[in-house]
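Undergrad: Residue numbers (the numbering used here), protein chains in the order written: chain A, 453 to 787; chain B, 453 to 787.
A portion of the hints provided could be inaccurate.
[To be verified] DMTMM-like, lysine to aspartate or glutamate: derived pairs with alpha carbons at most 25 Å apart:
id: 1; chain 1: A; residue 1: 751; chain 2: A; residue 2: 500
id: 2; chain 1: A; residue 1: 623; chain 2: B; residue 2: 686
id: 3; chain 1: B; residue 1: 635; chain 2: A; residue 2: 465
id: 4; chain 1: B; residue 1: 718; chain 2: A; residue 2: 661
[Said to hold, decoys possible] Here are the computed distance ranges between Cβ atoms for each label pair:
id: 5; chain 1: B; residue 1: 686; chain 2: A; residue 2: 596; range: 22 to 28 Å
id: 6; chain 1: B; residue 1: 499; chain 2: A; residue 2: 703; range: 35 to 41 Å
id: 7; chain 1: A; residue 1: 454; chain 2: B; residue 2: 722; range: 54 to 60 Å
[Unchecked claim] Pulled a few chain B residues facing chain A out of the computed Cβ check, cut under 10 Å:
id: 8; residue: 630
id: 9; residue: 645
id: 10; residue: 648
id: 11; residue: 650
id: 12; residue: 674
id: 13; residue: 691
Because the hints were derived from the structure by calculation, they are not lab data.
C-beta: ideal position from N, C-alpha, C; glycine also.
There are 2 protein chains.
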Amino acid sequence: MTIRIAVDAMGGDNAPRVVVNGLHHLPEGLDVEILVVGRPEEIAACGDLPAGAEVVPATDVVDMHDAPREALRKKRKSSLAVSVGLVREGRADAVVSLGNTGAFMAFCVSLLSTLPGIRRPAIAVPIPTARGHCLLLDAGATSDSRPAQLRDFALMGKVYCEQVMGIESPKVGLLSLGEESSKGNERTFQATEMIRELPLEFVGNVEGDDIPRGEVDVVVCDGFTGNVVLKFGEGLMEMVLGGLQGVLESQVKNPGDREALESILKGFMAKTDYAEYGGAPLLGVQGTVIIGHGRSAAKAVANAVRAAHRAAQHRVNELITREAAALETSGKEAT
Amino acid sequence: MTIRIAVDAMGGDNAPRVVVNGLHHLPEGLDVEILVVGRPEEIAACGDLPAGAEVVPATDVVDMHDAPREALRKKRKSSLAVSVGLVREGRADAVVSLGNTGAFMAFCVSLLSTLPGIRRPAIAVPIPTARGHCLLLDAGATSDSRPAQLRDFALMGKVYCEQVMGIESPKVGLLSLGEESSKGNERTFQATEMIRELPLEFVGNVEGDDIPRGEVDVVVCDGFTGNVVLKFGEGLMEMVLGGLQGVLESQVKNPGDREALESILKGFMAKTDYAEYGGAPLLGVQGTVIIGHGRSAAKAVANAVRAAHRAAQHRVNELITREAAALETSGKEAT
Numbered sequence: 453m454t455i456r457i458a459v460d461a462m463g464g465d466n467a468p469r470v471v472v473n474g475l476h477h478l479p480e481g482l483d484v485e486i487l488v489v490g491r492p493e494e495i496a497a498c499g500d501l502p503a504g505a506e507v508v509p510a511t512d513v514v515d516m517h518d519a520p521r522e523a524l525r526k527k528r529k530s531s532l533a534v535s536v537g538l539v540r541e542g543r544a545d546a547v548v549s550l551g552n553t554g555a556f557m558a559f560c561v562s563l564l565s566t567l568p569g570i571r572r573p574a575i576a577v578p579i580p581t582a583r584g585h586c587l588l589l590d591a592g593a594t595s596d597s598r599p600a601q602l603r604d605f606a607l608m609g610k611v612y613c614e615q616v617m618g619i620e621s622p623k624v625g626l627l628s629l630g631e632e633s634s635k636g637n638e639r640t641f642q643a644t645e646m647i648r649e650l651p652l653e654f655v656g657n658v659e660g661d662d663i664p665r666g667e668v669d670v671v672v673c674d675g676f677t678g679n680v681v682l683k684f685g686e687g688l689m690e691m692v693l694g695g696l697q698g699v700l701e702s703q704v705k706n707p708g709d710r711e712a713l714e715s716i717l718k719g720f721m722a723k724t725d726y727a728e729y730g731g732a733p734l735l736g737v738q739g740t741v742i743i744g745h746g747r748s749a750a751k752a753v754a755n756a757v758r759a760a761h762r763a764a765q766h767r768v769n770e771l772i773t774r775e776a777a778a779l780e781t782s783g784k785e786a787t
Numbered sequence: 453m454t455i456r457i458a459v460d461a462m463g464g465d466n467a468p469r470v471v472v473n474g475l476h477h478l479p480e481g482l483d484v485e486i487l488v489v490g491r492p493e494e495i496a497a498c499g500d501l502p503a504g505a506e507v508v509p510a511t512d513v514v515d516m517h518d519a520p521r522e523a524l525r526k527k528r529k530s531s532l533a534v535s536v537g538l539v540r541e542g543r544a545d546a547v548v549s550l551g552n553t554g555a556f557m558a559f560c561v562s563l564l565s566t567l568p569g570i571r572r573p574a575i576a577v578p579i580p581t582a583r584g585h586c587l588l589l590d591a592g593a594t595s596d597s598r599p600a601q602l603r604d605f606a607l608m609g610k611v612y613c614e615q616v617m618g619i620e621s622p623k624v625g626l627l628s629l630g631e632e633s634s635k636g637n638e639r640t641f642q643a644t645e646m647i648r649e650l651p652l653e654f655v656g657n658v659e660g661d662d663i664p665r666g667e668v669d670v671v672v673c674d675g676f677t678g679n680v681v682l683k684f685g686e687g688l689m690e691m692v693l694g695g696l697q698g699v700l701e702s703q704v705k706n707p708g709d710r711e712a713l714e715s716i717l718k719g720f721m722a723k724t725d726y727a728e729y730g731g732a733p734l735l736g737v738q739g740t741v742i743i744g745h746g747r748s749a750a751k752a753v754a755n756a757v758r759a760a761h762r763a764a765q766h767r768v769n770e771l772i773t774r775e776a777a778a779l780e781t782s783g784k785e786a787t
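Only chain A is shown next, with the shape it has when bound in the complex (with noise of 0.2 Å):
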């Protein structure tokens, strides 16, 4: 099945020409045919793009610090407003942009419905662990999340985690303050006795070590927790490898040694990059979102058209809105 992906051409911060680049770098026979949506003659000044890419024009771009209020009233006509718009048309099943992520998602949620079942979208982020990778959701989508969200989060992390990570049965957690199912808020209370009716592994609470120990595959919280605990990570690996990259600098003599000590430390910012992984989905909207990392290289941006793909191919709409609505049926249904 070919797998139609609108691309926004404009977004990000060495746009177009990171992006066009990174349409080159996708596998050979991707059966996708990508739409890239822009301004043609700026696109087309980075080179040719691959077989199956045509391009979209769009007059206007969104800026990194246009505010989503803002660019959701005035920019209409953006490279990023056009590439959600494929979307709602049809016309595309993904959009990838690794533009201005507030307007990227205030975009989506005004331009797509949610799926039948799902009351509100959630960020789902791969976060680093020491033994590989954990979705972290809601990362910031709903800053306030009732308890039947959290709910439908742990739904659609489970199915994302299962089809597009390639984890079978993955261990489910909830963000909590202590693992014994007493400790917590009155959210955390009540969105445990609903993800415990779900057809998952459920661990119950985790607490905020568990996550980069890997305790759990995905982990399930409020969008405001999620995002604080993502930009604090982000800003406590950049301190720590930041000032060890100094420090090694001024102290170790042995070339090799530094060397090797540099690579080291460039693997574990890596491992912190969305480019590794190809960017985090807006679950839960009519539609595969995959919203990319601004600083991204040509490599991230191949990463998010392909789990772009990956995720419509695996039709993960198609399964959430399905367990959603056995749920329902199933008289499990809550608000």
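Starting from the structure of chain A, add chain B where the hints point.
TA: Chain B in isolation, oriented as in the chain A frame:
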């Protein structure tokens, strides 16, 4: 002024030995009276106590794994309960324990009143940043914090930071989802309005990555978020530094470089350990409470006692009460 400090001799991983040793690390001339609480024979087996220290017998011990509620009910004669009781009875100004944090908090909340004008206590934890330390509160004393409680936390954090950490006019930020005041949830929107009225340097919203960057001196958040952030950071540091240490052993050949790097990594770990700053205060209760870390060494015990001494000597609670009262009379009180 002599400060009387109750020290739970039986709390922590190597109690009572580490505690007794720690007392010998106190600086000469520190004007304190130490009440060493625990089993007299076990304390005596650890050698002489320093001058100015005396034993207060307690027959029972709270284990690290005792559930706080159970401890509260069944271990009224534990060294932890007796230590907190000494503050309640006015026989001590401050209490220090390296034992079970949850149980310690439970005894404090149960036995000690909150300060006038303060709704709920908060654990304030100094977090390492690129520029020094930042005081984060609440780190988990309350799991659902109301906006007015966040306002109290801001006030208490400012006073502690000024008086004990020695930072003049500390910058106070509210943890949220973006710098714009439009970002956040209902709780932060309301809290922002309230904190703005306080006589302190409020910079508005900060994001997760602003904490390790050291953008502010005090970070205010609800106890759920604070606890998750704190534990996530501990786990992340463990993962990164643990991973680097393993690589170091296998890849760095030059013995001098290995030694240098090992000491650097140890430095980073120490920076994230309670030992360096002597524990986290539980603010907002009658009496000075310092929560040490179970894995603390003798040096950390001494630092915790010094933090208690400093907080009591600088009349942190008196200042908090005065500022809270000033708010009430100025009509800025809200519930």
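Undergrad: Next step is simple, just say for each hint if it's right about the structure.
TA: Cross-check of the supplied hints:
Of the supplied pair hints, the one linking residue 751(A) and residue 500(A) holds, its CA atoms being roughly 17 Å apart against a limit of 25 Å. A threshold of 25 Å between alpha carbons decides the hint, and for residue 623(A) with residue 686(B) the separation of about 22 Å falls inside it, so the pair holds. Between residue 635(B) and residue 465(A), the direct Cα distance comes to roughly 24 Å. Compliance with the 25 Å bound is thereby established for this hinted pair. In summary, the hint linking residue 718(B) to residue 661(A) is supported, as the alpha carbons are separated by about 20 Å, within the 25 Å threshold.
In this structure the hint that residue 686(B) and residue 596(A) lie 22 to 28 Å apart at CB holds, the actual value being about 27 Å. For the pair residue 499(B) and residue 703(A), the beta carbons lie near 39 Å from each other, so the given range of 35 to 41 Å is met. Taking the beta carbon of each, residue 454(A) and residue 722(B) are about 56 Å apart, inside 54 to 60 Å as hinted. The beta carbon of residue 630(B) is positioned within 10 Å of a beta carbon in chain A (closest approach about 8 Å), and the interface hint is therefore held.
Residue-level restraint check for residue 645(B) is violated (minimum Cβ-Cβ distance to chain A is 17 Å; threshold 10 Å). Checking residue 648(B) against chain A by beta carbon gives a least distance of about 20 Å; that is not within 10 Å, so the hint is violated. The beta carbon of residue 650(B) comes no nearer than 22 Å to any beta carbon in chain A, farther than 10 Å, and the hint placing it at the interface is violated. Because the beta carbon of residue 674(B) sits about 9 Å from the nearest beta carbon in chain A, less than 10 Å, this interface hint is met.
Taken as an interface hint, residue 691(B) checks out: its beta carbon lies about 4 Å from the nearest beta carbon of chain A, inside 10 Å.
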